[in-house]
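Novice: The lines below spell out each chain.
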Amino acid sequence: MAYLDHAATTPMLPEAVEALTAQLSVTGNASSLHAAGRRARRTVEEARETLAEALGARPSEVVFTSGGTEADNLAVKGLYWARRDADPARTRVLASPVEHHAVLDAVHWLGEHEGATVEYLPVDSYGRVHPDVLREAIARNPDDVALATVMWANNEIGTVMAVRELADVTAEFGIPLHADAVQAFGQVPVDFTASGLAAMTVSGHKIGGPYGIGALLLGREYTPVPVLHGGGQERHVRSGTLDVPAIASFAVAGRLAAEQREWFAREIGALRDDLVDAVRAAVPDAILGGDPATGGRLPANAHFTFPGCEGDSLLLLLDAQGIECSTGSACTAGVAQPSHVLLATGADPDLARGTLRFSLGHTSTEADVEAVAKAIGPAVERARTAGLT
Amino acid sequence: MTETSQRPRPLRVLAAMSGGVDSAVAAARAAEAGHDVTGVHLALSANPQSFRTGARGCCTIEDSRDARRAADVIGIPFYVWDLAERFREDVVEDFIAEYEAGRTPNPCLRCNEKIKFAALLDKALALGFDAVCTGHYAQVIVNEDGTRELHRASDMAKDQSYVLGVLDDRQLAHALFPLGDTVTTKDEIRAEAELRGLAVAKKPDSHDICFIADGDTQGFLANRLGKAEGDIVDESGSVIGSHEGAFGFTIGQRKGLRIGTPAADGKPRYVLDISPVNNTVTVGPAASLDVSGLTAIKPRWCGAAPTGPGTYTAQLRAHGGETQVAAELVDGELEVTFTEPVRGVAPGQAIVLYDGTRVVGSATIATTTRATASV
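Chains H and S, in that order, are what the protein sequence lines are.
Just add 4 to the spot in the first sequence (first one is 1) and you have this note's numbering.
Quick note on numbering: this note's numbering labels position 209 of the second sequence as 192, and the sequence is numbered without any gaps.
Treat the hints as calculated values from the structure; they're not laboratory data.
Glycine included, every Cβ here is placed at the ideal spot set by N, Cα and C.
Be aware that a few hints might be false.
Far from chain H by the CB rule (all over 10 Å, computed), these chain S residues [claimed, not checked]:
1. VAL56
2. PRO60
3. ALA109
4. LEU110
5. ASP128
6. ASP248
7. THR294
8. GLU316
Distance ranges between label pairs, derived from CB positions [as the list claims (entries may be wrong)]:
9. ASN206/S x TRP113/H: 26 to 36 Å
10. TRP113/H x GLN201/S: 34 to 44 Å
11. GLN341/H x THR200/S: 53 to 63 Å
12. ASP289/H x ARG153/S: 24 to 34 Å
Put together the whole structure using the sequences plus the hints.
Specialist: Okay, structure coming up:
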C-alpha cells in the first residue's frame, strides 16, 4: 500500500493516540466547578497553551471547534454578521476563488441568504492572490467590505499565499482577514501573531491528531456572531461541551507539527521532489500544478495534470495497485467535477478533468515514491486509451 | 452459477450498480464466483435529485449511495462514473427525436446498446477490465467453438433478453449476467440480498423511464417539443377532434384522445397512425390496428446474419408475448410477415427474433402493413 492522500487525512501520531486514549477514561466537564471539572479544565487549558505556542498565538486566541469546516464557517459567517451589525454598509466579502468548499460555500451562502456581495479575487496561474489585487478590490470602496478570506496554502495544488503581505493590505483599511491554514500548519511556518490575520483555521486530523477537532485562531479584538448558540464556552463564540480527549490529543499533534516542521519540509519535501521527478520521467507531458518553486508550495504536495486522461480513470487504475491518491477536486455525489481551483487558474476545462494530487505525510517512504514511479506511466497510457467520456 | 462465471480464469469485472437489488446481487454473485469485481454507478442525470420519489426513476444521489453501500458490503472497490452527457446525447435526445418523428422508441434498449455495452464497456475494456456485469435476467451460453449465444433467462417471467437483443457478438463476449439462470421470484432475490447483508433488499423496484422521474412522458415531451395543435381524424379523413402535439401519441393508444363525439358503431377508437409532417393523428376501430407484416431497419445480429428466409418467434415489446413470423433480410432491411395478424405495432419499437430461447437478432420497426385496407 502506498498511501499518498495525507492532505485528505494523515495517520494519527502515536503520541496523539496515547494522549487521546489516556483522556477517554477520565470523567469531567471542563465547565463544571468541582474537582473533576477542574481537572478537565486544566487539561483543556494546557492544551490551549500548547497549541497557542505552536501557532504563535496567545492562549486566549485559540477557539476550539469541531474541525476546519466549522472554524471556517464561524470565521466567515460570524465576522460577516458582526461587521455588518456594526455598520450595515459592510456587505462586501472578498474571497479567493481557490478556497476550500468550507469557505467557498459559506461565502456563497452569505450571498444567497444574507445580502452579501461576494467578490472573487483574481489569482495568477499558480492560484495565488496578489496583494495589489486585494488592494485594488478594497480601495474601490473600503467602507463596504465586511471581511476578506484567502487560504494560507491551497489544498489541491499546494500553492502558498503571501499571507503577511495580504494582511498588511487589509490592515491599512482596518478590514479583518481570515485564512484557512488547515494545509499549511506543520508544513510551512505559521505564526498567527506575526501574520497579522484576524482569524485563522486549523484542523486536528490533517496534522496527526484526531478527527472532529479543530480551532479558530481569533484575534482578541474580534467577536464574531456565533454559529452555535448555547452554554457560552470559548469566549461565547462557540458553545458546546469541550471534547477534552480530542483537545488534549490535538495539542500534542500540534506541538509535534511545529517541532518537526523543518524536518518535515526537508525530508518529506525531498521525497516529494523525487516523486515529481519520477512522474515527469515516466510521463514527460505531465503538467505540475501550482507554484513550482520550493518556497512557493507545500513541501508534501505534488499535483499533476495528465492531458488526455480522466482523473477518475487514473485513480481507479492506481487504486487497483494499492496506490491511494486523489483527483484533488471535490465530488458531487461521487462524480468528480472539473476542479474549481484549476479553472480559477485559467486551466482548460478538459485538462482540468485529468488531475491527480499526491500528498505525502509523516509516514511516507521511498517505497511509496517507487510504487508511483513504476505504476504511473502504464496507468496514464491506459487511461489515455479510455479517453475522456 | 452462470455459464460464463464457471470459466476457470477469474475475470476483471466491472459491475454496473444502479443502486437496485438486482444489480447488487449480480455483483455479489460475480464476486463470489471468484472474479475480481469493481462496482461502478453510472451518473446519468445532469441534475440528480437527492432522493427517490416512490418507485420511479433512478440515478438519484440516494441511488448512488445505495450502490456504494452495497459495494462496501460485498467488499469491492466502487466508483461513480459520469456518463450524463453521453446518456443525454445518445438516449434522451434520441428518445425525443423519435417521438417527434411519430415513432415510439424504447430507451432501455438504446441505453444497453449505446451506454452500458458501448460507452461503459469501451471504457472498461480500455482500463483493463474483461467484462461488464449487470443485473439483467438473460443468459450467455458459450459454445465449444468459443462463440456466444444470448438466451432468454431460465425464468421466462423475469426474462429481459428483449432489451439486450441489440447486443452483437463483441458486446456479448464481454457481458456477464449472473442472474440469468435463476428461476426465482423477486422475493427470493430480495431474500438473497438480505442474506448477503445488502440493505437494498427492501428497496422498491424501479419502473418506467428512468429520466422521466414523475412518469409523465407526455408532459416531458410537451416540455421539450412545445405544444402544436393539430387534428385528430378518422379513417375517412374527417376531423373529429384536436390534440396538442402528434408526438404525444403511440400507435394503439386508446386513453387520452379526448374526442367529443362517439364513433358511429359506439366502439372505442385507437390511434392508428401518427403523421408528424401534417401533425395529424388518425384514429379508428381496434380491428384496423391489425398488422400482417412489417419492415424493420438497422438490424443487429447475435452471431452471423441469417441468409435467406427463415421462421422465428418474435417479441415486439418489452413485456410482450411471442408471435410466429417469417423474416428475411432484403437489402439490409428486415422484412417480416406474421403468421397471424398482430395488433398495435408501433414504429420505433424493436422487434427481437428468437430461435427457441436463443436471441437471433433485433431491428427497429420502420413501417407496418395493415391486415385490413386502412390508412
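Novice: Would you mind marking each hint as holding or not holding in the structure?
Specialist: Do the hints match the structure? See the list:
For VAL56/S, the shortest C-beta to C-beta distance to chain H comes to about 17 Å, beyond the 10 Å cut-off, and the non-interface label holds. Not every CB of chain H lies more than 10 Å from the CB of PRO60/S, the least distance being 6 Å, so the non-interface label is violated. In this structure ALA109/S is not separated from chain H by more than 10 Å, as the shortest Cβ-Cβ distance comes to only about 4 Å. Not every CB of chain H lies more than 10 Å from the CB of LEU110/S, the least distance being 5 Å, so the non-interface label is violated.
Here ASP128/S stays apart from chain H, with its beta-carbon at least about 29 Å from theirs, past the 10 Å limit. For ASP248/S, the condition that its CB be more than 10 Å from all CB atoms of chain H holds, with the nearest at approximately 55 Å. With a closest Cβ-Cβ approach of about 42 Å to chain H, THR294/S is found to remain outside the 10 Å limit, as its non-interface label requires. For GLU316/S, the non-interface assignment is confirmed: its Cβ lies about 32 Å from the closest Cβ of chain H, beyond the 10 Å cut-off.
Checking the proposed 26 to 36 Å range against ASN206/S and TRP113/H shows it holds: the Cβ atoms sit about 31 Å from each other. For the hinted restraint 34 to 44 Å between TRP113/H and GLN201/S, the CB-CB distance of approximately 38 Å keeps it satisfied. For GLN341/H paired with THR200/S, a C-beta distance near 30 Å fails the hint of 53 to 63 Å. ASP289/H and ARG153/S have their C-beta atoms about 32 Å apart, which keeps the hinted 24 to 34 Å range intact.
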